[in-house]
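Asks: Below, each chain spelled out in residue letters.
There are 2 protein chains.
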Amino acid sequence: MSISADKPRAVVLLSGGLDSATTLAIARDEGHDCYALSVHYGQRHVAELDAAARVARALGAVEHKIMGVDLAGLGGSALTDLGVDVPNAPSEGIPVTYVPARNTLMLSLALGYAEVRGAQAVYVGVNAVDYSGYPDCRPEFIAAFAEVARLGTKVGVHGAPIAIRAPLQYWSKAEIIRTGVQLGVDFGLTVSCYRADPQGRACGHCDSCRLRREGFVAAGTPDPTHYCVEFAPSRTGP
Amino acid sequence: MSISADKPRAVVLLSGGLDSATTLAIARDEGHDCYALSVHYGQRHVAELDAAARVARALGAVEHKIMGVDLAGLGGSALTDLGVDVPNAPSEGIPVTYVPARNTLMLSLALGYAEVRGAQAVYVGVNAVDYSGYPDCRPEFIAAFAEVARLGTKVGVHGAPIAIRAPLQYWSKAEIIRTGVQLGVDFGLTVSCYRADPQGRACGHCDSCRLRREGFVAAGTPDPTHYCVEFAPSRTGP
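Chains A and B supply the protein sequences, listed in that same order. Numbering of the first sequence is given in the numbering used here, commencing with residue 1 and proceeding in unit increments. Numbering of the second sequence is given in the numbering used here, commencing with residue 1 and proceeding in unit increments.
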């Protein structure tokens with residue numbers, strides 16, 4: 001018998017971006033020992049994985065796992081297929097940066113990790129407001145996956161199912177940033193850019209950079225993002 | 001414009017075992033061009049992957065992809081963790097060969113592959129009768145995943161969702177074997193054993209071997225399984 005009681009455990013999907021860093025801070029603030037999981041699915045922006053490791057360390061994650069999945073072999077997305085250009089302009093409908101079944105896959109890996117570690121919850125930083133047209137960021141998708149978690153795991157059958165928590169679901173980017181700052185997240189450690197250079201410096205132009213910049217402006221918080229030297233906020237070209 | 005009309009496409013999860021080989025034969029018989037997907041999740045019985053390649057070729061799959069996922073890093077199952085012994089005796093409840101969230105993960109990969117290839121269906125050889133206590137082989141799990149497929153993909157949002165088909169769901173092992181034989185499956189190419197040697201020869205003793213042997217007896221079909229030289233059907237020890 002141990003003297004100190006164990007804290008409840010949570011697995012947190014950590015991409016290295018702004019949203020998932022705030023999600024990790026929330027899971028910790030809600031009293032969990034946090035097990036961070038980053039998935040390397042052949043995306044071009046590997047700088048995010050370095051950022052994830054920095055964020056996990058800074059926010060006191062108990063463990064940080066990076067799992068590899070060779071999704072790049074499937075093709076079909078600008079984020080994993082080098083033959084498709086990442087666009088600058090906001091796109092109509094579902095963007096070409098959509099990775100087929102990405103969140104389903106990442107939640108599946110998180111679910112397996114949670115079951116092995118005895119975690120009570122999986123936290124994921126999806127967001128319905130700024131969701132940019134990704135179908136697997138919508139609340140109804142998260143609810144459907146929670147059913148899969150309940151019916152498809154040993155703990156779901158024999159005990160309490162592993163909860164799927166998406167605390168940022170209905171927040172604006174500005175609210176996410178303000179909450180992160182309150183909970184001690186250093187957003188200078190995070191990388192959101194789809195085209196970050198190997199040092200994790202952001203292009204300033206892609207959809208993700210644009211949403212992030214606008215978020216800091218709306219939150220009234222200084223933007224600590226490290227941009228490429230070529231980037232100046234007034235420039236709009238590629 | 002092409003002269004010959006394209007057949008509908010299906011992704012078929014192909015483990016190299018008896019059930020998934022029959023499932024591939026059914027998907028083909030139902031008029032699909034079949035895209036076979038095998039997932040290498042760190043399982044010890046790699047001989048199954050060689051078997052999958054043989055089966056895909058023999059049954060005329062258009063493409064066969066093997067995707068790697070380092071699930072072994074998570075531990076927690078006798079099939080991926082070398083520290084846990086694979087048992088001989090049938091076990092009560094959920095067996096230690098259970099891989100956390102395995103079918104959720106494999107269906108997720110199949111879903112992404114189906115979306116990229118424009119497939120209308122994913123076929124999976126799960127079975128509720130011989131399901132050996134795996135929660136993620138039950139019909140209610142498959143139904144929950146179908147909802148995830150509908151809500152979490154681009155095609156599900158903008159067109160017809162990708163169907164999740166589990167044709168073996170309510171069949172006995174004998175029915176699966178009889179159907180496979182009718183559809184031309186050579187079960188001598190398949191490997192079901194949890195402890196197959198590198199040449200794909202079966203131990204004859206594990207749960208999977210036992211179910212398979214009993215199935216051939218019940219189907220009244222000669223058992224074409226390649227067993228290890230040490231195995232004789234009368235022997236019951238390890």
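I should point out that these hints are in silico values taken from the structure, not numbers from a laboratory. If you're wondering where the values come from, they're calculated on a predicted model, not measured in any experiment. C-beta: ideal position from N, C-alpha, C; glycine also. Take these hints with a grain of salt, some might be off.
What the hints assert, rightly or not - Restraint-style ranges between C-beta atoms, simulated for each label pair:
#1 A:Val129 x B:His158: 57 to 63 Å
#2 B:Lys7 x A:Glu63: 52 to 58 Å
#3 A:Arg57 x B:Pro198: 51 to 57 Å
#4 B:Glu230 x A:Gly60: 48 to 54 Å
#5 B:Ala58 x A:Val129: 47 to 53 Å
#6 A:Gln182 x B:Glu30: 54 to 60 Å
#7 B:His158 x A:Gly184: 57 to 63 Å
To be verified - Listed below are the simulated SDA-like cross-link pairs for lysine to any residue, each with C-alpha atoms no more than 20 Å apart in a straight line:
#8 B:Lys154 x A:Lys65
#9 A:Lys7 x B:Tyr170
#10 A:Lys154 x B:Gly68
#11 B:Lys154 x A:Pro139
Said to hold, decoys possible - Covered by chain A, according to a simulated footprint, are these stretches of chain B (three or more residues, beta-carbon under 8 Å):
#12 20 to 27
#13 179 to 188
Asks: Taking each numbered hint in turn, which are not upheld by the structure, reported in ascending numerical order?
Replies: 1, 2, 3, 7, 8, 9, 10, 12 and 13
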